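> Chain by chain, the residues run as shown.
Protein chains: 2
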Amino acid sequence: MDFSKISSFLESCDNVTILTHKAPDGDTLGAGFALCRYLRSAGKKANVLNSEELPERYSFLYSWYQPQQFEEQTVIAVDIADLKLLGSKLSAYAEEGRIDLCIDHHVSNKYFAKLTYVNASASAACQIIYELLSYMGAQLDKETATCLYTGIATDTGCFKFENTTAAAHIAAAELMKYHVEFASINRKMFDVKSRARMNIEQMVTNEMEYLFDGRCAVMTLTSDMIEKSGIEPAEFEGLASIPLQVEGVEMGITIKQRHEKVFKLSVRTAEKIDASAFCQKFGGGGHIRAAGCELNGTLEEVRKLVEDSAAELFEGENS
Amino acid sequence: MDFSKISSFLESCDNVTILTHKAPDGDTLGAGFALCRYLRSAGKKANVLNSEELPERYSFLYSWYQPQQFEEQTVIAVDIADLKLLGSKLSAYAEEGRIDLCIDHHVSNKYFAKLTYVNASASAACQIIYELLSYMGAQLDKETATCLYTGIATDTGCFKFENTTAAAHIAAAELMKYHVEFASINRKMFDVKSRARMNIEQMVTNEMEYLFDGRCAVMTLTSDMIEKSGIEPAEFEGLASIPLQVEGVEMGITIKQRHEKVFKLSVRTAEKIDASAFCQKFGGGGHIRAAGCELNGTLEEVRKLVEDSAAELFEGENS
Chain A
6 MDFSKISSFL
16 ESCDNVTILT
26 HKAPDGDTLG
36 AGFALCRYLR
46 SAGKKANVLN
56 SEELPERYSF
66 LYSWYQPQQF
76 EEQTVIAVDI
86 ADLKLLGSKL
96 SAYAEEGRID
106 LCIDHHVSNK
116 YFAKLTYVNA
126 SASAACQIIY
136 ELLSYMGAQL
146 DKETATCLYT
156 GIATDTGCFK
166 FENTTAAAHI
176 AAAELMKYHV
186 EFASINRKMF
196 DVKSRARMNI
206 EQMVTNEMEY
216 LFDGRCAVMT
226 LTSDMIEKSG
236 IEPAEFEGLA
246 SIPLQVEGVE
256 MGITIKQRHE
266 KVFKLSVRTA
276 EKIDASAFCQ
286 KFGGGGHIRA
296 AGCELNGTLE
306 EVRKLVEDSA
316 AELFEGENS
Chain B
6 MDFSKISSFL
16 ESCDNVTILT
26 HKAPDGDTLG
36 AGFALCRYLR
46 SAGKKANVLN
56 SEELPERYSF
66 LYSWYQPQQF
76 EEQTVIAVDI
86 ADLKLLGSKL
96 SAYAEEGRID
106 LCIDHHVSNK
116 YFAKLTYVNA
126 SASAACQIIY
136 ELLSYMGAQL
146 DKETATCLYT
156 GIATDTGCFK
166 FENTTAAAHI
176 AAAELMKYHV
186 EFASINRKMF
196 DVKSRARMNI
206 EQMVTNEMEY
216 LFDGRCAVMT
226 LTSDMIEKSG
236 IEPAEFEGLA
246 SIPLQVEGVE
256 MGITIKQRHE
266 KVFKLSVRTA
276 EKIDASAFCQ
286 KFGGGGHIRA
296 AGCELNGTLE
306 EVRKLVEDSA
316 AELFEGENS
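Sequences listed follow chains A and B, in order. Residues in the first sequence are numbered from 6 upward in steps of one, following this note's numbering. Residues in the second sequence are numbered from 6 upward in steps of one, following this note's numbering.
Keep in mind the hints are simulated off the structure, nothing from the lab. There's no promise every hint is true.
Which copy is meant is left open, because identical chains are indistinguishable; a pair holds if it fits in one copy or across any two.
[To be verified] Straight-line distance between alpha carbons at most 16 Å, and here's what the computed EDC-like set of lysine to aspartate or glutamate pairs gives:
id : residue 1 : residue 2
1  : K193      : E167
2  : K147      : D229
3  : K193      : E252
4  : K269      : E299
5  : K193      : E276
6  : K309      : E100
Small disclaimer: the values here were computed from a predicted structure and weren't measured.
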């Protein structure tokens, strides 16, 4: 698949449903609404669907959006690597042959669509949509540019993370020309926290445990703390990266209670340690810098398991 | 002054002392060391001076640097708007006629040098040095690119703030090609905190007071808290922006104790409120989004003054 094929596909399609992934983020919504707005500007009918109610924090991406009435002819998935990510309300689209085109930047893409375009070196799905629309000579406007900028900014941590490419900066430079209110967007996306989020950050920082000369930090998040703080599920994003913000910490482990004796482990590492290998020992997995797994037992049992396993890593290197 | 004149100046100069501003940040050091490295690569002798010991957090900018012995012929100031910013150890350079060239991006530049190049719309002094070196066709390397990237990233809050320009993104895209370890730099510059900093953030968040339906947040930082936390002066950077991170807060006020009955006020505002006008009432000033002033009295007296003044602002608008 290349841009010339996708561009022919988009030119000939109509009555388009655009699917975005569950637990929606700035990239899937930015890509979905940017594509929708482009298709509508080309005289086609198009809607964006998500399995969940869209979080208020992204409402600036689609303030212009009203669903349209039409008989669906085309289905496009954006930023969706796996049919599982459609979520329960969109599960009907998981049937074979329902999705015509998938545009994605995840190396793990399962190629479930009839046509798939994956560029795993793109910083964001919005980066691909930006390059595709440029290739097609599409006329952008402030609303579309806002969607695309937001997707690139959120997926790269505002151009901070390893996945930021020169192309991402160039896209940002171009998109800014459409009067994107990037400073206000970035403040909203990266700086502003609810009081509930402030509360939970405080609680977990208070209780943070430092091990192995401060090279490993373990943070615990019990159901009780979650309830007390009043935090919403959408606000958990990025919480697991807090331990790694402490100077000297090379591995940050977050133990989050799911049920009475079920805990979700989120592991983040700074330079050398393989988070994925660590989690694989417990049947989990992920990336080298961010991985996860699920553990059963009491909090004490789970903490002991985790600390013993970390000890092998930190004490093992001296033996 | 334009690039052709500065470039002739740089080509003909030698034995260069480059001055950077006191309380050094990523931009002044990045610009200074990038310029130094360029001049040395062109066969000239050059040193970088600062009034203070350089903070450890910027050591990656100049790990290659050793001072050279020479009889000073040329003095260049970078990112210095005012001679006061030289600091006490460099005060000899504040005498008239000592500084040959000043390269800066502050609109408030006092034009104290024999030649001054100011571009107030540049995101950073490093942005100007980058464009100057490009204009001169200078060969960059990883070390120079690291200096320039860091200055642009730190002065724009990693491309987050209003002062980020399309040109800043384009410079970043170009500089990344020299294998700048930007993710690790950004982690160090923006994410990592000492435990002392973590402590103080926790203390001030615990004590934060919300006024006027949460539209104003007041944070107090007493000498006692500062001592207890173990925080170093260099680590205070950005602390005053914490109140504004809370959802709904439009004005964040930080009251920091300087002496028993002397307090420094730092005011940050989000959208509409003029921080500078607020501080002017107390004899201070600054920018529309960030300003400061000094107040005398007990903490209780200072708080009352501040709250009464804020009340005029928040309650006045309804009358």
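> First find the shortest C-alpha distance between K147 and D229 inside one copy, then the shortest across copies, and answer within, between, both or neither for a cut-off of 16 Å.
neither (44 Å within a copy, 49 Å between copies)
> Treating 16 Å as the Cα threshold, decide for K309 and E100: within, between, both or neither.
The answer is neither: 43 Å in one copy and 65 Å across copies each exceed 16 Å.
> My question is about K269 and E299: at a cut-off of 16 Å on alpha-carbon distance, are they close within one copy, between copies, both, or neither?
within (5 Å within a copy, 48 Å between copies)
> I want to check one pair: K193 and E167. Are their C-alpha atoms no more than 16 Å apart within a copy, between two copies, both, or neither?
between (22 Å within a copy, 13 Å between copies)
> With identical chains, the pair K193 and E252 could be close in the same copy or across copies; at 16 Å between alpha carbons, which is it: within, between, both, or neither?
between (26 Å within a copy, 9 Å between copies)
> Give the relationship of K193 and E276 under a CA distance limit of 16 Å: within one copy only, between copies only, both, or neither.
between (29 Å within a copy, 12 Å between copies)
Hint check: violations occur at hints 2, 6; the rest are consistent with the structure.
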